[in-house]
Amino acid sequence: MTDPVLVTKGLTKSFGAVRASHDVSLDLRPGEIHAVIGPNGAGKSTLIAQICGGLKPDAGRVSFAGRDVTHLPTRARARLGLARTFQVSALAMEDTVLQNATLGALGAKGARAGLPGLLGDALAAGDLRDTAMSALERVGLAEHAATVTSALSHGQRRQLEVAVALTLRPRAFIMDEPMAGMGTEGSQRMTAFLDGLRDEAPILLVEHDMDAVFALADRLSVLVYGRIIATGSVDEIRANAEVRKAYLGEDA
Amino acid sequence: MTPLLFIEQVLNGLQFGVMLFLMAAGLTLVFGVMGLINLAHGSLYMVGAFAAAAVAGWSGSFLLALVAALAASAAAGAIVELTVIRRLYDRDHLDQVLATFALILIFSEGTRWLFGSFPLFLDIPDWLSGPVTLPGGIEYPLYRLAIIAVGLSIATGLFWLIARTRLGIRIRAGESDREMIAALGVDISRLYTIVFALGAALAGLAGAMVGAIQSVQVGMGEPVLILAFVVIVIGGIGSIKGALVGALLVGLTDTLGGLLLPEAFKLFMETSDATATGSALASMLIYILMAVVLVWRPRGLFGGAT
Amino acid sequence: MSRERMVNAALMALLLGVPLWAWATDEPFTITLATRVAILALAGVGLNIALGLGGLVSLGHAAFFGIGGYAMGILASHAQSYTPLMESPFLLEGTKSMPVIWLVAILASALAALVIGALSLRTSGVYFIMITLAFGQMLYFFSISWPAYGGEDGLSIYLRNGFPGLNTLDPIQFFALCFGCLAAALWFNARLVRSPFGLALNAARQSPERVETVGLGTFRLRLVAFVISGAITGLAGALFADLNRFVSPGMFSWQMSGEIMVFVILGGVGRLYGPVAGAALFITLEHVLGGISPFWHVWLGFLLLLVVLFARGGVIGLLAGRRVAHD
Amino acid sequence: MKLTTFVAAACIAALGGAAFAEDGALKVGMITTLSGGGAGLGIDTRDGFLLAAKLAGGDKLDIVVEDDQRKPDIAVQLADKMIQSEKVDILTGIVWSNLAMAVVPAATAQGKFYLSTNAAPSALAGKGCHQNYFSVSYQNDNLHEAAGAYVKDAGYSKPFILAPNYPAGQDSLTGFKRLYGGELSGEVYTQLGQTDYAAEIAQIRASDADSIFFFLPGGMGISFLKQYADSGLELPVVGPAFSFDQGILQAVGDAALGVINTSQWNKDIDNPANARFVEEFQAEYGRLPSLYAAQGYDTANLLLSAMDSADISDADAFRAALKSADFDSVRGDFAFAANNHPIQDIYVREVIKEGDVYTNKIVGVALEDHANVYVDECKM
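Protein chains in written order, with this note's numbering: chain C, 1 to 252; chain U, 1 to 306; chain S, 1 to 327; chain H, 1 to 380.
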């Protein structure tokens, strides 16, 4: 078995008296989709923020691509190949869809070039545009390239989030509820798309849509009150007593 | 330098700091509760001073003048809040800066229109004039001691107001969660008007008290405004405690810096050069202080994460 | 051609046409006014890069305006009195040549912007507004109390500096120079907006975390924008000093920062030609209202309030309508 | 023509951008501060100047008045406008030294005459002097020098001196020391625009000073005097006239009573020209004239006297006519030194209360026929 791409060890984070993460250890292996589920307020967003660099853990470590990245800022982790999509879309709403995708392409290129160019046309035909357009095509937004992002539906914004992540050609995806706000049909398309994506890079998937999770996940971790109570295959998790207790309130 | 002189200067710094606190308290409250950056706060200070000078000239009573200053600036604050400011709460800081910059123009030239171009007269009342002898033999003006006393009691009152009263609870709630207190049935727009008028009244009071020992003239508010901003930024915007600490820090730094820096330069420079260089540096000192604090703590000394 | 483009073209035609007409009818003062508009618009174009594109509300741009002005004042005053700026370790002479002065003004204000920006960009929001204000005030007080270059009195340069091949004392020729600088800055600004850098900076204003998650540093983007912005405003300062043949600490005052900001807002934040419209309107108002009432600032105040409260796109917004998507 | 209507006409003319050009009238551009802080000084300057023009018949001078807002760049812009589009022959009226420094060199370089009603910085008196630049008021150092001379003559041996840290402030202390020449108990530069002087007053208290000299123009002086009066210190205070002038004195109040100040003019100088000026000014404007009004009035009269003997089209003759200073100054004897700055007496005044109004009375002469130290540096 190959080494995991992403490993967290003992991540702990408190906000005042609230423990949002408590000794969270998990890993993401090549070629897999690892889903993290849990009830609202379980600490999923806090966990993602610590993995991606928005929050510093009180204790514990994050390593990515064989390096300890615990103290690296978000942008440095991104340059190592960590691509994130946001639960609440963090897109440049006044810009067009193409501009948003180009930003990702620019970031991927910026990893080598430092500062983006001051002159020249960002949207002119060339590498950047090709990368951006092909990502948009893959998620099915190519015909909306010239649309202003704020005019997109919620589902389309999710697709654009994924497209921006694709332009980075990352080593791992961290996806925060990519299906939120999508209709059934949209969810199914996204599920199929993510299914194929795992061969490009593994996905750490936080998702509420259980159909999607069960269809996609190679492994599942269940987060309750900041603590991982179980990790395993879909079947193992379904059978896990603690999980049943946490979700269904059943006595073991 | 004698210890007595040093103590006297510390008192002066304290008095200056206390005045700045009165200005800064309103600014920081308004920012904390409404998220509004108000450049026109200095104009309310000026309104207070002019109202006091006008009423003192007419009635001869200093206390009546102070009451008039409070009333006039609170009224001016309330009017401005109702007509202009409340349209700015959900705007970005840029719009707020611009609109309140416009208010400065209107207030300043409007006041000049009403009162003319010459400074007005406002004097210390007889019962507060002259120096008193403090323990240790320091002669210190009674009026400045009175300013320190009034300022500190207002600071205490403000802390009490915020911590213990219904209004205070609402103000604190307003700082943390606007929607929540609106949902609880508090009339949020009335709360805002009250907070704004309260801040304005404090500024007006400061203007009136300072007007008695300085010059009551158009444009008197802006230098103080900038200092008050320095104060709340150092203290952390939105924090009354920060405003008090920041005000005293700025007051003492400014007063003692002006005294000590030229002396320090005299150690290795010729006297007149030392005086000029020291004074030049002293005039920049509080801005340097502010920059250092912000570089060290980007949200000020007591600023929370907003 | 979009409506905004038509408005922009009309604006530039007007700014070019009025002084030409004034030149033909021998009204040199009108040319001086137009030159003032061009220079202040240039300062606004500088600020607009930080403010409109980068979302950096700087209330301290007078710092760069003043540094540009003093670059001109110091160099020209040394040339005027035939005293070198510095004799050791190497001889440095003053100059009356505009291209050299411009270069020094741009470099000096860029350097200042680099330092001020590097410190200020650690903060955000109101703190950023205030720390930039603090730096402006620092320079203001320094320039007043530092006796070497005139202090509060400022520096007077008796003759306007020279430009190869032109007679800069002729109002229309000096106007042409300033207009040329403005046009160049506008062209550069337009390129910048379309460039990869502009795309990233624009995105950083709208969603900084997005920019970070694609691996770009918002701090560095903003710092570069701040430096470019400061450099352009510095150039405007040097031209302004040459227009008046005079520099004073007033160029560093926070009211100056406020006025530059007013140009940008009056014209429309983030609009490429906003500062041109804003400066033109401001100067016209100053000229017309100032003639009607000595209390014209009151009316200016009311007008500004109206623009901020009810006409958020500024002049360009009113004329060209709401912004539509690029492309 | 009643003066108010004359002023209105002058203003309308100025504002409309096209002044009425009457035949033979000399076109005068007055740039002064009419709005913002310090507007009082400009208003007095203008009123004094216009009064003289009116008393001379009102049709000899064609006056354009504009407000510089106390901003150097505005002043330069106005000067450009007056020279370029109004085609004025004479510029005048600037109150502040820094504005004068911005306007005067460029104006005289373009061949225009500039008559200063107030500001007269040392830079324009020495190496930077110009044959077309005349200061009708004084040279900036004069009143400070007079204060130094007074302090010395009065037998004080340890004055404490203070001024704001800017060129005029530095010139002031230098001027004071020049004619005082003795030992100081302290020398302090304050911030420009400072409003609280508690720290300086404490320093004075801690020093062994036997007198105080200060130069703090405008609101700074008001603040200082009020705070000083309240400090319990009772050392004699001396200053130049600026902080004790008619316009500002009412805002200082009792705190100013008894203070000695130096001035080249006061309303009780005993000569017919002055008596007429004070009377006419009060009749016209309903207030006592100030130093600035007197300077404006003298400037206009100097100009009118030159017009009687020469035509502006002959610049050399007109310059010579100005330089002869053949007019009845409200100050009595008046002549120009080689660098076009006045030779005049400088008086010692004391602040008194006449009824409800605070004002000054002359108590002595500090310097007789005093010129300035920059004469030798000036090469015209």
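What the hints contain is simulated information worked out from the structure, not anything from laboratory work. Incorrect hints may have been included.
[What the hints assert, rightly or not] Here are some chain C residues pointing at chain S (derived, C-beta under 8 Å): (1) L72; (2) Q87; (3) L91; (4) G104; (5) L106; (6) L119; (7) D121; (8) A122; (9) A125; (10) G126; (11) R169; (12) Y225; (13) I229.
[Said to hold, decoys possible] Chain C is nowhere near these chain S residues, computed Cβ spacing over 12 Å in every case: (14) D26; (15) L111; (16) A204; (17) Q206; (18) T213; (19) S293; (20) R312.
As the structure is a computational prediction, the values presented were derived from the model and not from experiment. Idealized CB from N, CA, C, for every residue including glycine.
Structure-based check of each hint:
1. The criterion of a C-beta within 8 Å of any C-beta in chain S is not met by L72 of chain C, whose closest approach is roughly 11 Å, and the hint is violated.
2. Hint status for Q87 of chain C: violated, given a least beta-carbon distance of 12 Å to chain S, over 8 Å.
3. Interface hint at L91 of chain C: satisfied, since its Cβ lies 6 Å from the closest Cβ of chain S, which is below the 8 Å cut-off.
4. For the restraint placing G104 of chain C at the interface with chain S, the shortest Cβ-Cβ distance is roughly 5 Å, inside the 8 Å limit, so the hint holds.
5. For L106 of chain C, the suggested interface contact is upheld, since its CB lies about 5 Å from the closest CB of chain S, less than 8 Å.
6. The criterion of a C-beta within 8 Å of any C-beta in chain S is met by L119 of chain C, whose closest approach is roughly 5 Å, and the hint holds.
7. A least Cβ separation of about 5 Å between D121 of chain C and chain S falls short of the 8 Å threshold, and the interface hint therefore holds.
8. Using the Cβ-Cβ criterion of 8 Å, the hint placing A122 of chain C at the interface with chain S is satisfied: the shortest such distance is roughly 4 Å.
9. Interface restraint check for A125 of chain C: the shortest CB-CB distance to chain S comes to about 13 Å, outside 8 Å, so the restraint is violated.
10. A least Cβ separation of about 10 Å between G126 of chain C and chain S goes past the 8 Å threshold, and the interface hint is therefore violated.
11. Interface restraint check for R169 of chain C: the shortest CB-CB distance to chain S comes to about 11 Å, outside 8 Å, so the restraint is violated.
12. With a least beta-carbon distance of about 26 Å to chain S, the hint placing Y225 of chain C at the interface is violated under the 8 Å criterion.
13. The closest approach between the C-beta of I229 of chain C and any C-beta of chain S is roughly 29 Å, which is over the 8 Å cut-off, so the hint fails.
14. Listed as a non-interface residue, D26 of chain S keeps its Cβ farther than 12 Å from every Cβ of chain C; the least gap is roughly 42 Å.
15. For L111 of chain S, the non-interface assignment is confirmed: its Cβ lies about 18 Å from the closest Cβ of chain C, beyond the 12 Å cut-off.
16. Not every beta carbon of chain C lies more than 12 Å from that of A204 of chain S, the smallest distance being close to 9 Å; the non-interface claim is violated.
17. The Cβ of Q206 of chain S sits about 4 Å from the closest Cβ of chain C, inside the 12 Å cut-off, so the non-interface label is violated.
18. At the 12 Å boundary, the C-beta of T213 of chain S falls inside the reach of chain C, the nearest C-beta of that chain being 5 Å off.
19. Non-interface call for S293 of chain S relative to chain C: holds, since the shortest CB-CB distance, roughly 40 Å, exceeds 12 Å.
20. Chain C leaves R312 of chain S outside its interface by the beta-carbon criterion, the shortest separation being 14 Å against a cut-off of 12 Å.
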